[in-house]
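There are 2 protein chains.
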Amino acid sequence: MAEQNHPKTAMCPKFEEAVSLLGKKWTGLILHVLLTGSTRFKEIKEMVPHMSDKMLAERLKELEECGIIERKVYPEIPVRIEYQLTDKGNDLEQVMASIRQWGERWM
Amino acid sequence: MAEQNHPKTAMCPKFEEAVSLLGKKWTGLILHVLLTGSTRFKEIKEMVPHMSDKMLAERLKELEECGIIERKVYPEIPVRIEYQLTDKGNDLEQVMASIRQWGERWM
Numbered sequence: 045m046a047e048q049n050h051p052k053t054a055m056c057p058k059f060e061e062a063v064s065l066l067g068k069k070w071t072g073l074i075l076h077v078l079l080t081g082s083t084r085f086k087e088i089k090e091m092v093p094h095m096s097d098k099m100l101a102e103r104l105k106e107l108e109e110c111g112i113i114e115r116k117v118y119p120e121i122p123v124r125i126e127y128q129l130t131d132k133g134n135d136l137e138q139v140m141a142s143i144r145q146w147g148e149r150w151m
Numbered sequence: 045m046a047e048q049n050h051p052k053t054a055m056c057p058k059f060e061e062a063v064s065l066l067g068k069k070w071t072g073l074i075l076h077v078l079l080t081g082s083t084r085f086k087e088i089k090e091m092v093p094h095m096s097d098k099m100l101a102e103r104l105k106e107l108e109e110c111g112i113i114e115r116k117v118y119p120e121i122p123v124r125i126e127y128q129l130t131d132k133g134n135d136l137e138q139v140m141a142s143i144r145q146w147g148e149r150w151m
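Protein chains in written order, with my numbering: chain R, 45 to 151; chain L, 45 to 151.
Simulated from the structure, these hints should not be mistaken for laboratory data. Among the hints, a few may not be true.
A pair holds if it fits inside one copy or across any two, identical chains being indistinguishable in the list.
Listed next, the in silico DSBU-like pairs over lysine-lysine satisfying Cα-Cα at most 35 Å (straight line) [claimed, not checked]: (1) K116 <-> K98; (2) K89 <-> K58; (3) K58 <-> K132.
Work the whole structure out from these sequences, hints included.
What follows is the structure, given as structure tokens:
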């Protein structure tokens, strides 16, 4: 029997996908910052100082591809770029809140 | 000003610590399995087939060091070893549930 559909693998693929996505290094913190209203690359970077620009750019791209954030380009001079949570992204507020509460209780 | 106490770093260290701990690859899935009641190394491994024994052993050790699980050794022949969530670990149920709900809605 192929390993994936082993009867014992009761793991729900959606849960697996969600926890793997959220579990990527820095993603939780970036989402936390976006949920506090920051929209600009520089603002986000300042809130998570130990993360490199390259890593932030990579994570923002992934989050955009997953439909969790959207990237808005304003044709100004200089160009203005903002990142905003989509409905899917905003719906992560509850997940972030439960992590924060657990952290405050136990860490 | 040292980077850590940069006024802009409004990131709560407890949240950062919690999300980094939970964000480690496989940790979310292992916790999910422990919450479903599995206690033996072999049982956990079967539920997360793509993970190596070495990785599972490493993650269980980390979770034990963080006080999220406890390891019970029963002096039988052969020796029996069980892993159980502590109160701190069981309190993660809400976090796991919120991730699962989000995954079911959006993934």
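So, going through the hints one by one against the coordinates:
In the homo-oligomer, the alpha carbons of K116 and K98 lie at most 35 Å apart inside one protomer (19 Å), although the nearest pairing across protomers, at 43 Å, exceeds that limit. With identical chains, the CA atoms of K89 and K58 are at most 35 Å apart both within one copy (30 Å) and between copies (19 Å). Taking the shortest Cα distances, K58 and K132 sit within 35 Å of each other both inside one copy (14 Å) and across copies (25 Å).
Going down the numbered hints, you'll see the structure goes against none, and every one checks out.
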